[in-house]
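J.: Here's the letter readout for the chains.
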Amino acid sequence: MEKVVEPKIYFRTGIALLVLLAATWMIGYVDLGPFNLIVALAIAITKAIIIALFFMHIKGSSRLLHLAAVAGLLWLLFMISLTLGDYYTRGWVPLGH
Amino acid sequence: MPTLTSPVSEDAFVGQQFDDIEQQRDAAKLGMWIFLATEVLFFGGLFLGYTIYRFTYGHVFVEASHKLDVVIGGTNTAVLLVSSLLMAFAVRASKLDQRRMLTGLLLGTALLGCVFMSLKGVEYHKDYTDHLVPRMGFKWEGADPGNAELFYWIYFAMTGLHAIHVTVGIGIMLVLALLAWLGKFSRGNHNTVEIAGLYWHFVDIVWCFLFPLLYLVGHR
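If you read the sequences in order, they're chains A and B.
Residue numbers for the first sequence follow my numbering, so the first one is 1 and each next one is one higher.
Residue numbers for the second sequence follow my numbering, so the first one is 1 and each next one is one higher.
Note that these hints are calculated values from the structure, not bench results.
Watch out, some of these pointers could steer you wrong.
Here are the simulated PhoX-like cross-link-like pairs (lysine-lysine), alpha carbons at most 25 Å apart as the crow flies [what the hints assert, rightly or not]:
(1) B:K67 x B:K120
(2) B:K184 x A:K3
(3) A:K59 x A:K3
(4) B:K126 x B:K139
(5) A:K3 x B:K95
(6) B:K67 x B:K126
(7) A:K8 x B:K95
(8) B:K126 x B:K184
(9) A:K8 x A:K59
(10) B:K120 x B:K139
(11) B:K67 x B:K139
(12) B:K139 x A:K59
Please construct the entire structure, taking both the sequences and the accompanying hints into account.
T.: Written out as structure tokens, the structure reads:
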């Protein structure tokens, strides 16, 4: 039989995720200017990392799986950063909004 | 290495291309993670389009976002997070060979998926009666109706693609629940449940980004 994680780890993970949801929801009602987007993204990324680490068992899995998980994000970053670079340098996207 | 409580039956699940059950499990997980990487890029195209238009038409995106029902969106986030918790326990139960527990948890995950889809249906209907559906009686009182409509195109495309994934996930959970009840995942044969869990958690992660990016643009 394979090793399993203790239930309390899953419960803590679930509670942490719900607390982060409450945080992002409440901050949605506060005017932080451009930081609303930054805080919302930071919380979403934190939630994604928590889910990947503890629910999807990236924590404690092989290096190969870590690589496969990071590869998807890396390509996504390439796609977004190269496309945005193109749009910005051509003046297609006005800055400061 | 896990101790093989009943080596004969565990070996029976190993495909002939694998040396042992450990290798088979690792191969299945790696395959699923590579599939999820393609899914990241699949959704990524929509997130990229969203990013460009949000920077371009920021003001009208803020106004358009505030017409969405944040209570339904937020509640649905919680529903998916709890369903992910049940799914994590389902994978655990499959590893511990707890047949009844596994069946119940898979059904619970599917049920919460149905709750999510029902709330989504109520929300889409509300969007329709509020004249927010592009090309279907769309009305916009404020400035720049064309770009407001663009926001709702993106909203329906992203939540729609996500809803398709949830629907597929519900189907998978129901089939797995039936197979679990029939004892197909007993004695170490829990590979299928584990990779289905990875899919469900991924769908949850996507919604964790959709909720703030669609419902909480700017501030309310």
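J.: Holds or violated: are the alpha carbons of K59 of chain A and K3 of chain A at most 25 Å from each other?
T.: Cα-Cα ~13 Å, so holds.
J.: Has the given pair, K8 of chain A with K95 of chain B, been kept, meaning a C-alpha gap of at most 25 Å?
T.: holds (17 Å)
J.: Please verify whether K8 of chain A and K59 of chain A have alpha carbons no more than 25 Å apart.
T.: Holds, at roughly 16 Å.
J.: K126 of chain B and K139 of chain B: Cα distance at most 25 Å?
T.: holds (14 Å)
J.: Does the alpha-carbon distance linking K67 of chain B and K120 of chain B stay inside the 25 Å limit?
T.: Roughly 15 Å between the alpha carbons, so the hint for K67 of chain B and K120 of chain B holds.
J.: Check whether the Cα positions of K184 of chain B and K3 of chain A lie no farther apart than 25 Å.
T.: holds (20 Å)
J.: Quick one, are K3 of chain A and K95 of chain B close enough, alpha carbons at most 25 Å?
T.: holds (8 Å)
J.: Can you confirm whether the C-alpha distance between K67 of chain B and K139 of chain B stays at or below 25 Å?
T.: holds (12 Å)
J.: Please verify whether K139 of chain B and K59 of chain A have alpha carbons no more than 25 Å apart.
T.: violated (49 Å)
J.: Please verify whether K67 of chain B and K126 of chain B have alpha carbons no more than 25 Å apart.
T.: holds (10 Å)
J.: Measure nothing beyond the straight line between the CA atoms of K120 of chain B and K139 of chain B; if it is 25 Å or shorter, mark the hint as holding.
T.: With a Cα-Cα distance of about 21 Å, the restraint between K120 of chain B and K139 of chain B holds, given a limit of 25 Å.
J.: Sort out whether K184 of chain B lies within 25 Å of K126 of chain B, counting only the CA atoms.
T.: violated (42 Å)
Violated hints, in rising order: 8 and 12; the structure is consistent with all others.
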